[in-house]
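Starting from the structure of chain A, add chain B where the hints point.
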Amino acid sequence: MANKGWDEFEIGAMLRTFDGSIDDIAGTPQQDRSYSPNSSYMASVADWRLIKPVFNKDYCIDCQFCWIYCPDVSIISRDKKLIGVDMDHCKGCGICVEVCPTNPKSLLMYGEHEDEETVIANWPKKDEGEA
Amino acid sequence: MAFDKMELRDIEVWDGNHAAAQALRQCQVDVVSAYPITPSTAIVEGYAKFKSDNRVEGEFVMVESEHAAMSGCIGAAAAGGRVATATSSQGLALMSETLYQASGMRLPIVLNIVNRALAAPLNVNCDHSDMYMVRDSGWIQFDAYSPQESYDLNFIAFKVSEDHDIRLPAVVNQDGFLTSHTAQGIHTLSDDVAFNFVGEYKPMNDMLDFEHPVSHGVQTEEDWHFEHKARQHNDLMLKAGPKIDEVFADFEKLTGRKYSQVEKYNMDDADVVVFCLGSSVETAREVATEMRAKGVKAGVIGLRVIRPFPFMEIREALKDVKAVAILDRSAPGGAAGAMFNEVCTTMYAADNKPLISGYIYGLGGRDLTKAHLVSLYNELEANVKAGKVTTQLQQFIGVRGPKLAYL
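Each protein sequence line maps, in turn, to chains A and B.
In terms of our numbering, the first sequence opens at residue -19 and continues consecutively.
In terms of our numbering, the second sequence opens at residue -17 and continues consecutively.
Hints were generated in silico from the structure; no laboratory data involved.
It is possible that some hints are incorrect.
FRET-style restraints, in silico, Cβ to Cβ [stated by the list, open to error]:
| # | chain 1 | residue 1 | chain 2 | residue 2 | range |
| --- | --- | --- | --- | --- | --- |
| 1 | B | Lys235 | A | Asp52 | 55 to 61 angstroms |
| 2 | B | Ser197 | A | Asp12 | 37 to 43 angstroms |
| 3 | A | His93 | B | Glu79 | 41 to 47 angstroms |
In the DSS-like style, the derived pairs of lysine-lysine whose C-alpha atoms are separated by at most 27 angstroms in a straight line are [claimed, not checked]:
| # | chain 1 | residue 1 | chain 2 | residue 2 |
| --- | --- | --- | --- | --- |
| 4 | A | Lys(-16) | B | Lys211 |
| 5 | B | Lys352 | B | Lys276 |
| 6 | A | Lys60 | A | Lys105 |
| 7 | B | Lys221 | A | Lys(-16) |
| 8 | B | Lys240 | B | Lys221 |
| 9 | B | Lys352 | B | Lys385 |
A virtual CB, placed ideally from N, CA and C, is assigned to each residue, including glycine.
Just chain A, with the same shape it has in the complex (with noise of 0.2 angstroms):
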């Protein structure tokens, strides 16, 4: 957000988070809601993850334990199927992959430096010893 003189904004500590009216925002989806440049959806605010999740496609059941669980809202579910995470807001928590129930898991941690292709590609193999 750019930054305003004294005299140019809206009094009271009060953003708003949307431009204009709303409608029917539960009925929206989320990439057609017209969010103003002062909510925090359009900021990144994950600048301090350190540890990031990967998702694995490949073993994913769709359960949605990772978006309901997720404290940041970051998980990005679409018609009941994982898509992916939302990198701008994922703090690195990884409680995601804490209650992922897949064999192997279909989300796991990796430093935030590491390539996803490669971490993929060197995905872990299912624990034979796990009932």
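Relative to the frame of chain A, chain B by itself:
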């Protein structure tokens, strides 16, 4: 849901607390979030009783502390309601953090402060330590000298505070016990006339407007905080004063009762003047009248609006005055009295430079007697005769032991 109106006599015998509670009822306050404390208790207790008697359509929120009381007011005001509460002394101290939240969020809340000393030693009686503690919190601050004024100023406070050009919370001060528990004949407004004066609450940026979602109380750091505080100060300095004058004029038209940011008594040709706050103003007026009979050109200035501080009005009021005593009813804690400081600042760049001396008085409910004020006027006369302040700049009035004077 409907509520029952009250038939009031033209003059009712009310104390300052009940007068304020009646004003809250007549303004049809939506939410009172409160934690009772002496001597302000009867204000919120009064509202609660009106509510349980179906005399008001609103919510009384019982909370666990004054911090929570003002937090509840902030939430209700951000949601879009007409909101008020009351507190005193230690309660205000605990509330103080949230006062800055309310003003920074530009939420119109009316807070009745029934002025009481701050411990230690514990004391429930009047002084202005609590008033002074929050003087820089960004609230508009009125001062009532009598129960009638505590009634009137509540209506005025809502009307100023809720104006969309202002949107700043407002305090109405009154002296603990001296005003809050002293009954007086109050000229009342009928319920309809009173409500029409303040009008229906007009929401602004309210959280209950679901078509325009807002986040209140956001965080800003070094990139935005300064601009928000600057704007708040600018609106206090330039917008609040004219709006207060406008509402005072509207109120006078309605009731015949005239209020001014600076209340002048016998000031047209005054040489020696006492400047004070609270119920002391009425005592000083009586003494000034008696001094006039003795040939002393005595006047009184009462400060009606403490914030924004009416610099220009005070400069105008003191333009021909020779000596002025500034009375501060708060322990100055190693400095000059706050009002002494502010009046000195006001007069520093003025053409007329009256002799200004400061007095600390009345702590913890100690009486300010007429005899005190007589000797004070005599001291000012001596200063005028000598052409300089003949005493030290800060003196204590009414304290036992060896005389205390500094500066």
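Would the hint linking B/Lys240 and B/Lys221 be met if the CA-CA limit is 27 angstroms? Cα-Cα ~21 angstroms, so holds.
Compare the distance between the alpha carbons of B/Lys352 and B/Lys385 with 27 angstroms, and conclude whether the hinted pair is satisfied. Measuring from Cα to Cα gives roughly 19 angstroms; hence the hint holds.
Does A/Lys60 pair with A/Lys105 here, judged by a C-alpha cut-off of 27 angstroms? Distance ~26 angstroms between A/Lys60 and A/Lys105 Cα, so the pair holds.
A/Lys(-16) paired with B/Lys211 [C-alpha distance capped at 27 angstroms]: holds, 14 angstroms
Quick one: are A/His93 and B/Glu79 within 41 to 47 angstroms, going by C-beta? Hint holds: Cβ distance 42 angstroms, inside 41 to 47 angstroms.
Taken at face value, is the distance from the CA of B/Lys276 to the CA of B/Lys352 at most 27 angstroms? With Cα atoms ~15 angstroms apart, B/Lys352 and B/Lys276 stay inside 27 angstroms; holds.
Verdict for B/Lys235, A/Asp52 (Cβ pair) under range 55 to 61 angstroms: holds, 56 angstroms
Is the gap between the beta carbons of B/Ser197 and A/Asp12 within 37 to 43 angstroms? Roughly 21 angstroms apart at Cβ, these two residues miss the hinted range, so it is violated.
Holds or violated: are the alpha carbons of B/Lys221 and A/Lys(-16) at most 27 angstroms from each other? Between B/Lys221 and A/Lys(-16) the Cα gap is close to 21 angstroms, so the pair holds against 27 angstroms.
Hint 2 from the earlier list is the only one contradicted by this structure; the remaining hints agree with it.
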